[in-house]
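Q: Residue numbers (UniProt numbering): 1 to 235.
Read the hints as simulated data drawn from the structure, not as lab findings. Glycine residues also receive a C-beta, built at the ideal position from the N, C-alpha and C atoms. Incorrect hints may appear among the rest.
[Stated by the list, open to error] Below, a list of computed lysine to aspartate or glutamate pairs in the EDC-like style, where the Cα atoms sit at most 16 Å apart: (1) Lys-224 / Asp-195; (2) Lys-97 / Asp-21; (3) Lys-143 / Asp-218; (4) Lys-143 / Asp-162; (5) Lys-83 / Asp-15; (6) Lys-8 / Asp-21; (7) Lys-84 / Asp-15; (8) Lys-114 / Asp-15; (9) Lys-83 / Asp-162; (10) Lys-8 / Glu-88; (11) Lys-111 / Asp-162; (12) Lys-84 / Glu-26; (13) Lys-75 / Asp-35; (14) Lys-97 / Asp-35; (15) Lys-75 / Asp-162; (16) Lys-75 / Glu-28; (17) Lys-84 / Asp-31; (18) Lys-193 / Asp-218; (19) Lys-111 / Asp-195.
[As the list claims (entries may be wrong)] FRET-style restraints, in silico, Cβ to Cβ: (20) Pro-18 / Lys-83: 19 to 27 Å; (21) Tyr-120 / Tyr-19: 52 to 60 Å; (22) Thr-86 / Lys-194: 16 to 24 Å; (23) Pro-18 / Lys-41: 15 to 23 Å; (24) Arg-79 / Tyr-19: 50 to 58 Å; (25) Asn-67 / Pro-155: 40 to 48 Å; (26) Leu-117 / Pro-155: 28 to 36 Å; (27) Lys-194 / Arg-225: 17 to 25 Å; (28) Tyr-120 / Pro-18: 45 to 53 Å; (29) Pro-155 / Glu-186: 26 to 34 Å; (30) Ser-131 / Phe-204: 28 to 36 Å; (31) Ile-30 / Asp-102: 52 to 60 Å.
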Amino acid sequence: MQVLMRIKRFDPERDNKPYWDEFTVEVEPIDRLLDALNNIKWTMDGTLTYRRSCAHGVCGSDAMRINGRNRLACKVLMRDVGKKVTIEPMLGYPVIKDLVVDMDQFFDKYKQVKPYLITYDNEPGTERLQSAEERARFDEGTKCILCGACTGSCPSIWGNQDWVGPAAIVNAHRFIFDSRDEGAAERLNILGKKDGVWRCRTIFNCSDACPRGIPVTDLIEEVKRAIIYGDTKSV
Numbered sequence: 001m002q003v004l005m006r007i008k009r010f011d012p013e014r015d016n017k018p019y020w021d022e023f024t025v026e027v028e029p030i031d032r033l034l035d036a037l038n039n040i041k042w043t044m045d046g047t048l049t050y051r052r053s054c055a056h057g058v059c060g061s062d063a064m065r066i067n068g069r070n071r072l073a074c075k076v077l078m079r080d081v082g083k084k085v086t087i088e089p090m091l092g093y094p095v096i097k098d099l100v101v102d103m104d105q106f107f108d109k110y111k112q113v114k115p116y117l118i119t120y121d122n123e124p125g126t127e128r129l130q131s132a133e134e135r136a137r138f139d140e141g142t143k144c145i146l147c148g149a150c151t152g153s154c155p156s157i158w159g160n161q162d163w164v165g166p167a168a169i170v171n172a173h174r175f176i177f178d179s180r181d182e183g184a185a186e187r188l189n190i191l192g193k194k195d196g197v198w199r200c201r202t203i204f205n206c207s208d209a210c211p212r213g214i215p216v217t218d219l220i221e222e223v224k225r226a227i228i229y230g231d232t233k234s235v
C-alpha cells in the first residue's frame with residue numbers, strides 16, 4: 001500500500017525555520033514506521049536525519065512524535081498509522097536536525113537523582129540478597145529504556161525546562177524502593193524541591209507515551225507519598 005509520510009524537517013545550517021516535507025512510500029501493512037523512514041533515507045533523500053539502533057524497542061533511540069503521540073518508530077506498524085502519517089521531533093527538546101533532538105539536558109536530570117545503588121556499610125562479602133517481594137516492589141522502574149518519550153510528552157516540561165521530568169523520577173523510584181539501597185533520603189530530598197515531583201500535574205501523558213508500559217504517573221505519585229510520609233515503608 002502507499003502511504004503519504006509528512007515529516008517535519010529542520011537543518012540549522014540551511015533553514016531559518018522548520019518546514020514540512022512529504023514522501024509517498026510503498027509499504028507492507030506489517031512494516032514498521034522505521035522501515036518506511038529507512039526507505040526514504042536509502043532511496044529518496046539521504047539527508048533525512050533520525051536516530052535508530054537496535055530496531056527492537058530496547059534501545060529507545062528512535063523515539064519521535066507520530067501522529068501527535070510520542071512513540072518508538074520501530075514499534076509502530078504501518079497498518080496502524082493510516083494512509084497519511086505525520087512525523088515530528090519530540091516536543092520539549094531542542095532540535096538538532098530533522099527528527100533528532102538534543103538529549104543532553106534529559107540525561108543531566110537523570111544523573112541528578114543518583115540512579116545507582118547507594119550503600120554506607122562495608123562490603124558485605126556476599127551478595128546483597130532480597131526476597132522476590134522486595135524485588136517486585138521496584139520492578140516497573142527497571143523497565144525504563146531512557147527513550148525520553150514520557151518526558152517529551154509532558155506539558156510541565158514544555159512550560160518549564162528546569163523540571164526534572166518523569167523519566168528521572170521513574171529511575172529514582174527504582175532505587176528509592178530497593179531494599180538494598182540506603183540513599184532514599186538523599187533522592188527524596190532532591191525530588192522534594194521546587195523542580196522535583198511537585199511540578200507533576202498528574203496528566204498521564206507520560207504513562208500513555210511509555211513504549212514499555214510503565215505506569216509512570218503511578219510511580220511519581222508513590223514518590224510524592226514517600227516524601228510526605230518521610231519513608232518508603234508507608235507507601
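Q: Run every hint past the structure and note whether it holds.
A: Hint check results:
1. Lys-224 / Asp-195: The hint holds at about 13 Å.
2. Lys-97 / Asp-21: holds, 14 Å
3. Lys-143 / Asp-218: holds, 14 Å
4. Lys-143 / Asp-162: Judged against 16 Å, a Cα distance of about 25 Å means the pair is violated.
5. Lys-83 / Asp-15: Violated, at roughly 28 Å.
6. Lys-8 / Asp-21: The given pair, whose Cα atoms are some 6 Å apart, holds under the 16 Å limit.
7. Lys-84 / Asp-15: Not satisfied, since the Cα-Cα distance of roughly 25 Å exceeds 16 Å.
8. Lys-114 / Asp-15: With a Cα-Cα distance of about 39 Å, the restraint between Lys-114 and Asp-15 is violated, given a limit of 16 Å.
9. Lys-83 / Asp-162: Status violated; Cα separation ~38 Å.
10. Lys-8 / Glu-88: Since the Cα atoms of Lys-8 and Glu-88 sit roughly 5 Å apart, the hinted pair holds (cutoff 16 Å).
11. Lys-111 / Asp-162: Between Lys-111 and Asp-162 the Cα gap is close to 14 Å, so the pair holds against 16 Å.
12. Lys-84 / Glu-26: Satisfied, since the Cα-Cα distance of roughly 12 Å is no more than 16 Å.
13. Lys-75 / Asp-35: Holds, at about 10 Å.
14. Lys-97 / Asp-35: With Cα atoms ~20 Å apart, Lys-97 and Asp-35 exceed 16 Å; violated.
15. Lys-75 / Asp-162: The hint is violated at about 30 Å.
16. Lys-75 / Glu-28: holds, 15 Å
17. Lys-84 / Asp-31: Roughly 15 Å separates the two Cα atoms, so the pair holds.
18. Lys-193 / Asp-218: The given pair, whose Cα atoms are some 19 Å apart, is violated under the 16 Å limit.
19. Lys-111 / Asp-195: holds, 15 Å
20. Pro-18 / Lys-83: 19 to 27 Å: holds, 24 Å
21. Tyr-120 / Tyr-19: 52 to 60 Å: Given a distance of about 55 Å, which is inside 52 to 60 Å, the answer is holds.
22. Thr-86 / Lys-194: 16 to 24 Å: violated, 35 Å
23. Pro-18 / Lys-41: 15 to 23 Å: Holds: the Cβ-Cβ distance is about 18 Å, inside 15 to 23 Å.
24. Arg-79 / Tyr-19: 50 to 58 Å: Given about 28 Å between the Cβ atoms, the range is violated.
25. Asn-67 / Pro-155: 40 to 48 Å: Violated: the Cβ-Cβ distance is about 18 Å, outside 40 to 48 Å.
26. Leu-117 / Pro-155: 28 to 36 Å: This hint holds: roughly 33 Å between Cβ atoms.
27. Lys-194 / Arg-225: 17 to 25 Å: The hinted range 17 to 25 Å holds for Lys-194 and Arg-225, with Cβ atoms some 18 Å apart.
28. Tyr-120 / Pro-18: 45 to 53 Å: Check passed, 50 Å falls within 45 to 53 Å.
29. Pro-155 / Glu-186: 26 to 34 Å: Holds - the Cβ-Cβ distance for Pro-155 and Glu-186, about 28 Å, lies within 26 to 34 Å.
30. Ser-131 / Phe-204: 28 to 36 Å: Holds: the Cβ-Cβ distance is about 31 Å, inside 28 to 36 Å.
31. Ile-30 / Asp-102: 52 to 60 Å: Taking Cβ atoms as reference, Ile-30 and Asp-102 lie about 33 Å apart, which means the hint is violated.
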